[in-house]
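Asker: Letter by letter, the chains look like this.
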Amino acid sequence: FGAGTALAGHAVQGLAEEPPPWMKTPGEPFTNYGRPSPHEKDVIRWISANAGAPGNGISWTPLHKLEGIVTPNGLHFERHHNGVPQIDPHRHRLLIHGLVENPLSFSIDDLLRYPMVSRLCFVECGGNSNAGWHEEPIQTPVGYFHGLASCSEWTGVPLAVILDEAGLRPEARWLIAEGADAAAMNISIPVEKALDDAMLALYQNGERLRPENGYPLRLILPGWEAVLSVKWLRRLQAANRPVMARNETAKYTELLPSGKARQFTFVMDAKSIITFPSPGRNLSGPGLYQISGLAWSGRGRIRRVEISADGGRSWAESALQEPVLPQCFTRFRLPWRWDGSPLVLKSRATDETGYVQPEREVLIAERGRHGYFHYNAVVAWAVAEDGTVSHVYA
Amino acid sequence: FGAGTALAGHAVQGLAEEPPPWMKTPGEPFTNYGRPSPHEKDVIRWISANAGAPGNGISWTPLHKLEGIVTPNGLHFERHHNGVPQIDPHRHRLLIHGLVENPLSFSIDDLLRYPMVSRLCFVECGGNSNAGWHEEPIQTPVGYFHGLASCSEWTGVPLAVILDEAGLRPEARWLIAEGADAAAMNISIPVEKALDDAMLALYQNGERLRPENGYPLRLILPGWEAVLSVKWLRRLQAANRPVMARNETAKYTELLPSGKARQFTFVMDAKSIITFPSPGRNLSGPGLYQISGLAWSGRGRIRRVEISADGGRSWAESALQEPVLPQCFTRFRLPWRWDGSPLVLKSRATDETGYVQPEREVLIAERGRHGYFHYNAVVAWAVAEDGTVSHVYA
Amino acid sequence: APEGPKLGRPASPEEIAAQDINVFPDGTGLPPGKGTAHEGKALYDAKCASCHGPKGIGGSAEELAGGGSLTGPHPDKNIGTYWPYATTLFDFVRRSMPLDAPRSLTDDQVYAVTAYLLYINGIIDERTEMNAASLPRVEMPNRRGFIPIWPGEKAR
Amino acid sequence: APEGPKLGRPASPEEIAAQDINVFPDGTGLPPGKGTAHEGKALYDAKCASCHGPKGIGGSAEELAGGGSLTGPHPDKNIGTYWPYATTLFDFVRRSMPLDAPRSLTDDQVYAVTAYLLYINGIIDERTEMNAASLPRVEMPNRRGFIPIWPGEKAR
Ligand code: HEC
Ligand code: HEC
Ligand SMILES: [Ca+2]
Ligand SMILES: [Ca+2]
Ligand SMILES: [Ca+2]
Ligand SMILES: [Ca+2]
Ligand SMILES: [Ca+2]
Ligand SMILES: [Ca+2]
Ligand SMILES: [Co+2]
Ligand SMILES: [Co+2]
Chain B
17 FGAGTALAGH
27 AVQGLAEEPP
37 PWMKTPGEPF
47 TNYGRPSPHE
57 KDVIRWISAN
67 AGAPGNGISW
77 TPLHKLEGIV
87 TPNGLHFERH
97 HNGVPQIDPH
107 RHRLLIHGLV
117 ENPLSFSIDD
127 LLRYPMVSRL
137 CFVECGGNSN
147 AGWHEEPIQT
157 PVGYFHGLAS
167 CSEWTGVPLA
177 VILDEAGLRP
187 EARWLIAEGA
197 DAAAMNISIP
207 VEKALDDAML
217 ALYQNGERLR
227 PENGYPLRLI
237 LPGWEAVLSV
247 KWLRRLQAAN
257 RPVMARNETA
267 KYTELLPSGK
277 ARQFTFVMDA
287 KSIITFPSPG
297 RNLSGPGLYQ
307 ISGLAWSGRG
317 RIRRVEISAD
327 GGRSWAESAL
337 QEPVLPQCFT
347 RFRLPWRWDG
357 SPLVLKSRAT
367 DETGYVQPER
377 EVLIAERGRH
387 GYFHYNAVVA
397 WAVAEDGTVS
407 HVYA
Chain R
17 FGAGTALAGH
27 AVQGLAEEPP
37 PWMKTPGEPF
47 TNYGRPSPHE
57 KDVIRWISAN
67 AGAPGNGISW
77 TPLHKLEGIV
87 TPNGLHFERH
97 HNGVPQIDPH
107 RHRLLIHGLV
117 ENPLSFSIDD
127 LLRYPMVSRL
137 CFVECGGNSN
147 AGWHEEPIQT
157 PVGYFHGLAS
167 CSEWTGVPLA
177 VILDEAGLRP
187 EARWLIAEGA
197 DAAAMNISIP
207 VEKALDDAML
217 ALYQNGERLR
227 PENGYPLRLI
237 LPGWEAVLSV
247 KWLRRLQAAN
257 RPVMARNETA
267 KYTELLPSGK
277 ARQFTFVMDA
287 KSIITFPSPG
297 RNLSGPGLYQ
307 ISGLAWSGRG
317 RIRRVEISAD
327 GGRSWAESAL
337 QEPVLPQCFT
347 RFRLPWRWDG
357 SPLVLKSRAT
367 DETGYVQPER
377 EVLIAERGRH
387 GYFHYNAVVA
397 WAVAEDGTVS
407 HVYA
Chain E
330 APEGPKLGRP
340 ASPEEIAAQD
350 INVFPDGTGL
360 PPGKGTAHEG
370 KALYDAKCAS
380 CHGPKGIGGS
390 AEELAGGGSL
400 TGPHPDKNIG
410 TYWPYATTLF
420 DFVRRSMPLD
430 APRSLTDDQV
440 YAVTAYLLYI
450 NGIIDERTEM
460 NAASLPRVEM
470 PNRRGFIPIW
480 PGEKAR
Chain L
330 APEGPKLGRP
340 ASPEEIAAQD
350 INVFPDGTGL
360 PPGKGTAHEG
370 KALYDAKCAS
380 CHGPKGIGGS
390 AEELAGGGSL
400 TGPHPDKNIG
410 TYWPYATTLF
420 DFVRRSMPLD
430 APRSLTDDQV
440 YAVTAYLLYI
450 NGIIDERTEM
460 NAASLPRVEM
470 PNRRGFIPIW
480 PGEKAR
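Residue numbers (the working numbering), protein chains in the order written: chain B, 17 to 410; chain R, 17 to 410; chain E, 330 to 485; chain L, 330 to 485.
Since the hints were derived computationally from the structure, they do not count as laboratory data. Heads up, a few of these hints could be off.
The calculated lysine-lysine pairs, modelled on BS3-like cross-linking and capped at a C-alpha distance of 25 angstroms, are [what the hints assert, rightly or not]:
#1 K335(E) - K376(E)
#2 K370(E) - K384(E)
#3 K267(R) - K384(L)
#4 K363(L) - K376(L)
#5 K363(E) - K376(E)
#6 K376(L) - K40(B)
#7 K376(E) - K40(R)
#8 K276(R) - K40(B)
#9 K267(B) - K384(E)
#10 K335(L) - K40(B)
#11 K57(B) - K267(R)
#12 K40(B) - K370(L)
#13 K370(L) - K384(L)
#14 K370(E) - K335(E)
Bound conformation, chain B alone (with noise of 0.2 angstroms):
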């Protein structure tokens, strides 16, 4: 043995040596803190910077390489405006001002003994997979297009807590949250969530929030379009009216057709994607394969993923793998047999609420091209007789 017969899709088959190496000799000792294996160092986020600001941009998840629903914190995506302020957590505090009755400081230090609650949750960038406005169907892999979007384990401090302790003041409608990074990132935000489902993130995925998210402190709106849920969050300010700040009104507000944008548009509405086949994990030929992807709704649990393998004239339910939780990632399943011949693979999310995953003629028949964000239509990746898979608009 040693050498096998070449099947179709496997080349090597036998092992060139037995025992192998590594079961002959010590192997490496005990780490503080693990990596992954240097065999998955294609694992990665892939980074898109502006050349002239290197802290200016955003890096994917590679959705297209994951399982499961949670994110490890390594791969969680980046949305810097100008790059990962180093925080000291001890010179780090988090003051609440404006329409309250106690205007307050907190340290982390405070924070750490408040009362806190834990949640699986997505958060995804409003502007994840606006390449699907694009005229030309993109041809990339599945986590550089959808990948803005990542789910972990928040834990940390229901943010109603702390405003119950300042004492909101009836008029108080809006609370404008400022980052300590160096865009001192600004926004407003709707009291209504924030005394919802809001929270004062501490923890990710069970270790303090990386840099990158946030450390030492970042709001979490479940749900909700990523720019609200501000990292390294040092100030709220409480309002009776939005600041209309650079990035509720000149970003993340859709320009229609009309020449009007919709503007405060919050909610992430449902989507899916297929992550397994997908461009760049090809079919090695006919056979059974598992249909794998993603599907989330800002407006709740995922209630059905359906499967089309003919465009779209016909649809299997998946399975969709427990636990079902809202404004998280819901990882969906189909053993499928590809028989060869080319056909369009789509997935299609409904939510709790019964809203349905648009197609994308109808999404742009509503919006336009150039909304920019909140692109939420069904994917369709064409599969070729030899099993190439790409990007099309079907």
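With chain B's structure known, arrange chains R, E and L with the ligands on it following the hints.
Answerer: Quick look at chains R, E and L with the ligands alone, frame taken from chain B:
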């Protein structure tokens, strides 16, 4: 402002500088794979390895530094017999043989194409918490006492799928699993478990397994002592009897006072630990606190975690953080006002089978003090008048 | 909400004033100071043009002028065509720009460069002074260009 | 179980034989070969004593001899007092030892050092040959020392 009045427990009140330095200069650039803040450099696995053999030992998850239920991959506990093998996934194979119709060999690429499932579950070493058997209560942070347990979202192929393909013979009662490490660790697994919920895990918290957690392939046997969740899995021999390997005879058996030992003790019984307050995480004066901790059971879901602040005379029911999943860490929390008097805190878990975590005297009456493995008694923390927390037997 | 341990330290008016840099459309939050486009031009050329290009066009960072239309096949969103409030410019530039040295401008400089940006967008003339009183009164071309989705969305 | 794509490649008997190093209590899996404690001693002193100490006692790694009792305040679990099967010794040493060079011993060497470990535990004498036939027949002192919990546990 700048220097504030010192309040109890909070030395630095104001900010030394406004705006802080990290708001005046661009932050750090994007990274392909992120890391924790340098300010969290003491949130590490604590290594306890054999002086003469650096790859033989354990490293602990710092449960006292974490919140929520997910263990980040970098902090998953380690137990290695002879180090972490550096396996080339393209040269790794899984062989199934013995009492099967079709002995088969699978590459990792093969397995990646199989139907997968995901589940959040704990992995706990059978020797976790064994300092509880000591005559004197160990004084150490929780993670270095109970941190041979971690919890992740594992994704992989149900072992039953592969066993179906190989055609398990009716006489097959056990599967002897073997790892591709330098210890070639082998152990016998009942087919009942193999066919029930055993998983050939390929992904851990979204990304491929970490080297120290079995990359590229490990078994996950939810709820069973972790030595059975064989890492770097390379071989499964179906047999009609256990192989009686060193790790199921000389180790992972519990010596009783009679001189006889319990053998094939697989299930990890219900356990709970209060992570705050806990040794090293003291109270900073009388006032309101949130007690927080972790509970889990190898038999299913946690049904209830009760907390006593009077050494076990009276108990209050804590809130369990949703989702409460079977064989999974469950975070419990309880608001608690400390009046400043010395007392003893305990937590007690009950699982969905009705099993109640025993008091230490009861466990020791049943097992003696030399079982070494499967220690799961109620843990008691004494809070002193100055807020210092220590481990006591009470 | 559950009860908290109430550890918040009262924040003094001075402490708040030192941190509060939010500027609202009605001018709330604008500091004393003033500046004209004429004054702002030199500053812009020295501290902004390297990224945003001369007169706000043709740099590596976003265009800050150039006109254009919000309809048709290639809508042009910029300060002149899209931004609804002049106060946002002051708010944003003071907190975030120049990107390589945020918070380095004096309030007078921010007024001046804000005036310059309004000027190159054809909204004010070169000599009009921008200050806490005049800036909120600048009527931006796209002031009425936004359809409120919230709180309508809330109701869904 | 759900259906899989059936990608498993048939494994040949030779391939299996090359990998299968499991040794069962009845001797299944033991290779040809032989050795005595007398032969094993030199090998032990050269390759094992550095970690396990001379005669299995007093090294940095686990004690491999020493006797003692399984009851009382300080029970002593070791090969002689605790291990139920002699085959386990062969299985373990062949796959895992010496720790710094696993899989480096020949099968004869494993038989010899296994014999030596049995010898220093007072179980066999120095000249008794260990081979595929004799090793499974060695009666370990603690052979009857285990109470099966499984499958009783299953029923709970
Ligand atoms: C080193 C490069 C650099 C310099 C210097 C710079 N900017 Fe910017 N500017 C940027 C980048 C990059 C952005 C986009 C920021 C983002 O993504 O949040 C930006 C955004 C802006 C915007 C918002 C544009 C929009 O349409 O949203 C304005 C206004 C602006 N800059 C004004 C200025 C002014 C005024 C100065 C000088 C005082 C300046 N900039 C200096 C790089 C620079
Ligand atoms: C470099 C150090 C080292 C050398 C050399 C070494 N060992 Fe070991 N041995 C260990 C360690 C460490 C363990 C514990 C392994 C574990 O935790 O799984 C061990 C365990 C054992 C055990 C199991 C003990 C028990 O009670 O479970 C046996 C038997 C053994 N060794 C035999 C040998 C033999 C025979 C040799 C030489 C051929 C040898 N060892 C050489 C370090 C060594
Ligand atoms: Ca928006
Ligand atoms: Ca056991
Ligand atoms: Ca103000
Ligand atoms: Ca333009
Ligand atoms: Ca065999
Ligand atoms: Ca001894
Ligand atoms: Co305080
Ligand atoms: Co194959």
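Asker: If a hint holds in the structure, say so; if it does not, say that too.
Answerer: Against the structure, the hints come out as follows:
1. A distance of roughly 45 angstroms separates the Cα atoms of K335(E) and K376(E); the hinted pair therefore is violated under the 25 angstroms criterion.
2. A C-alpha spacing of about 9 angstroms is found between K370(E) and K384(E), which places the hinted pair at or below 25 angstroms, so the restraint holds.
3. Restraint check for K267(R) and K384(L): satisfied, since their Cα atoms lie roughly 21 angstroms apart, inside the 25 angstroms limit.
4. Taking the CA atoms of K363(L) and K376(L), the gap is near 18 angstroms; set against the 25 angstroms cutoff, the hint holds.
5. For the hint pairing K363(E) with K376(E), the CA-to-CA distance comes to about 18 angstroms; that is within 25 angstroms, so the pair holds.
6. Restraint check: the Cα-Cα separation between K376(L) and K40(B) comes to about 15 angstroms, which is no more than 25 angstroms; the hinted pair holds.
7. Restraint check for K376(E) and K40(R): the C-alpha separation of about 15 angstroms stays at or below 25 angstroms, so the hint holds.
8. At roughly 36 angstroms between alpha-carbon atoms, K276(R) and K40(B) are farther apart than 25 angstroms, so this suggested pair is violated.
9. For the given pair, K267(B) sits about 21 angstroms from K384(E) by alpha-carbon distance, which is consistent with the 25 angstroms threshold.
10. Between K335(L) and K40(B) the alpha-carbon distance is near 32 angstroms, which puts this suggested pair outside the 25 angstroms criterion.
11. Pair hint K57(B) plus K267(R) does not hold up; C-alpha atoms about 37 angstroms apart against a cutoff of 25 angstroms.
12. Annotation: proposed proximity of K40(B) to K370(L) holds, straight-line Cα distance about 23 angstroms (limit 25 angstroms).
13. A C-alpha spacing of about 9 angstroms is found between K370(L) and K384(L), which places the hinted pair at or below 25 angstroms, so the restraint holds.
14. Of the supplied pair hints, the one linking K370(E) and K335(E) is violated, its CA atoms being roughly 50 angstroms apart against a limit of 25 angstroms.
Hint violations for this structure: numbers 1, 8, 10, 11 and 14, all remaining hints satisfied.
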